[in-house]
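So the protein lines, in turn, are chains X and G. Under our numbering, the first residue of the first sequence is numbered 1, with each subsequent residue one higher. Under our numbering, the first residue of the second sequence is numbered 1001, with each subsequent residue one higher.
Incorrect hints may have been included.
[Unchecked claim] Quick list of in silico lysine to aspartate or glutamate cross-link-like pairs, EDC-like style, CA-CA up to 20 angstroms:
(1) G:Lys1091 / X:Glu154
(2) G:Lys1085 / X:Glu113
(3) G:Lys1155 / G:Asp1132
(4) X:Lys162 / G:Asp1132
(5) G:Lys1101 / G:Glu1159
(6) X:Lys144 / X:Glu113
(7) X:Lys46 / X:Glu27
(8) G:Lys1085 / X:Glu157
(9) G:Lys1155 / G:Asp1023
(10) G:Lys1166 / G:Asp1023
(11) G:Lys1085 / X:Glu135
(12) G:Lys1091 / X:Glu135
(13) G:Lys1101 / G:Glu1064
(14) G:Lys1085 / X:Glu154
(15) G:Lys1091 / X:Glu157
In short, the hints are calculated from the structure, not lab data. The model shown is predicted, which means the values in this text are computed figures rather than measured ones.
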Amino acid sequence: MTALEQANQLKAKFGDLISEPTGVHGEIAVQLADAERIGDVCAFAKTELGFDYLVDISSLDNYGEDPRWTVVYHLRGLANRCELRLTTSVSEEKSELPTITSVWRTANWHEREIYDMMGIRFRGHPDLRRILMWEGYPYFPLRKDFPLGGKPSELPEVAFSKAAPMEGGPFVTIPGGKDAVEREPRVRTPEN
Amino acid sequence: MQKWSEIGYDSKIEGDVIVTRIDAALNWFRKNSLWPMPMGLACCAIELMAAGASRFDISRFGSEVMRFSPRQSDVMIVAGTVTYKMATAVKRIYDQMSEPKWVIAMGACASTGGMYRSYAVLQGVDHILPVDIYVAGCPPRPEALLDALLKLQNKVQHEPFLETLKKA
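Please put together the full structure from these sequences, using the hints given.
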């Protein structure tokens, strides 16, 4: 069974909740219209379609658009060797969706990382704490409106942070430059 | 024995007696057995381990006794990226080291934050500790660390130890 067939099975089961499968490079992705149903969809994908391995959960910040967040679930069936990407949108006002830790236990840390970096909460998560930054850090660093150099914060006896000096940066390289001068790190904005 | 040595000794003239100043002697004892506190936080720690292993052999300079207890250490070698999350722990370990104590910032990250102009990384361990020697490199080769150790030994040898003791 290919990933496309499985995506169609998912669509047959959940109807309008699941979008038409789209794909690039042979990778199949479907969008889930209602993030609240993610638990049902994932449980079906695991038990009926054989997606026994949750590779990763990632999140996107579509800053300036509504809904702001996209959460992406990367599923893989180890036996039938196919992958499926399941995406769903969450609005900024809500910033919350149900946990899927009851389906795949590995979702625990993935969801904690998204909570830590992006500030999206997972309802029903058994232990929703920060995983990389320290508990009490007031910001979510992977958001698009968070500066690269960071912001100052202070939590006595635990940790502090300061804004890093950017000195006009960030300085980035571009691939494929003809010579070293063209490739060297420079300030690159869409204008120059 | 070279002429400039502060503990110069010529057995033909002085017999079995060595004449020196007490702080020169004490500093000489100290500088030749600086016990490091290996604060290995990133890839620099691999080079630190290489410096301790047979090929580079830091024990030639009396610093082979890597103590994982700060209370038994003289010099903290901060080898690697100090994140803000780790900074408090590094400071606490430094505070637990008994005086006199020194700090070597090994590598670009420990010295300045290195390539991590980032929200998560302390931009140089000198924001929280008094650093004696900075070592350039990403990571520095073991020779560079040994050179830093020799420079630190030179610094220790010339410290006005007795004067600070009198003041205290």
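ask   = Quick check: which numbered hints come out false for this structure?
value = 4
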